[in-house]
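The task is simple: from the sequences and hints, build the whole structure.
Numbering of the sequence shown is given in the UniProt record's numbering, commencing with residue 1 and proceeding in unit increments.
Watch out, some of these pointers could steer you wrong.
To be verified - Okay, derived cross-link-like pairs now, DSS-like style, lysine-lysine, Cα gap no bigger than 25 Å in a straight line:
#1 K54 / K40
#2 K40 / K62
#3 K53 / K40
#4 K72 / K62
Think of the hints as simulated: they come from the structure by calculation, not from any bench.
All of these numbers come straight from a predicted model, not from anything done at the bench.
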Amino acid sequence: RRFEAFGDIGRMPQSELSAPAPMTSKSNPTSKEGLADLQKQLLEMNLKEHENKKEMHDIQMKFFEEGRLFFKESRERYAKKEYRTS
Numbered sequence: 001r002r003f004e005a006f007g008d009i010g011r012m013p014q015s016e017l018s019a020p021a022p023m024t025s026k027s028n029p030t031s032k033e034g035l036a037d038l039q040k041q042l043l044e045m046n047l048k049e050h051e052n053k054k055e056m057h058d059i060q061m062k063f064f065e066e067g068r069l070f071f072k073e074s075r076e077r078y079a080k081k082e083y084r085t086s
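As structure tokens, this is what we get:
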């Protein structure tokens, strides 16, 4: 793959791919420093994306755990009610 040195571009959101990278006054995309700056920006974007995915995963796990506890308690309350009426 051609872009491995710059991170996994195939998984980047289309909005980030189509938006031009902000150029600093001394960035020149044809110079070695300009390319290094662009690579650094891509790596930072990939890190942010990874952090966002991790945070989303943590929230999903918390949601599922709370849902499991809610239904477990509901089943227990229902079972106690059933038992008393029998």
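Outcome of the hint check:
1. K54 / K40: holds, 21 Å
2. K40 / K62: violated, 33 Å
3. K53 / K40: Answer holds: K53 to K40 is near 20 Å, not above 25 Å.
4. K72 / K62: holds, 15 Å
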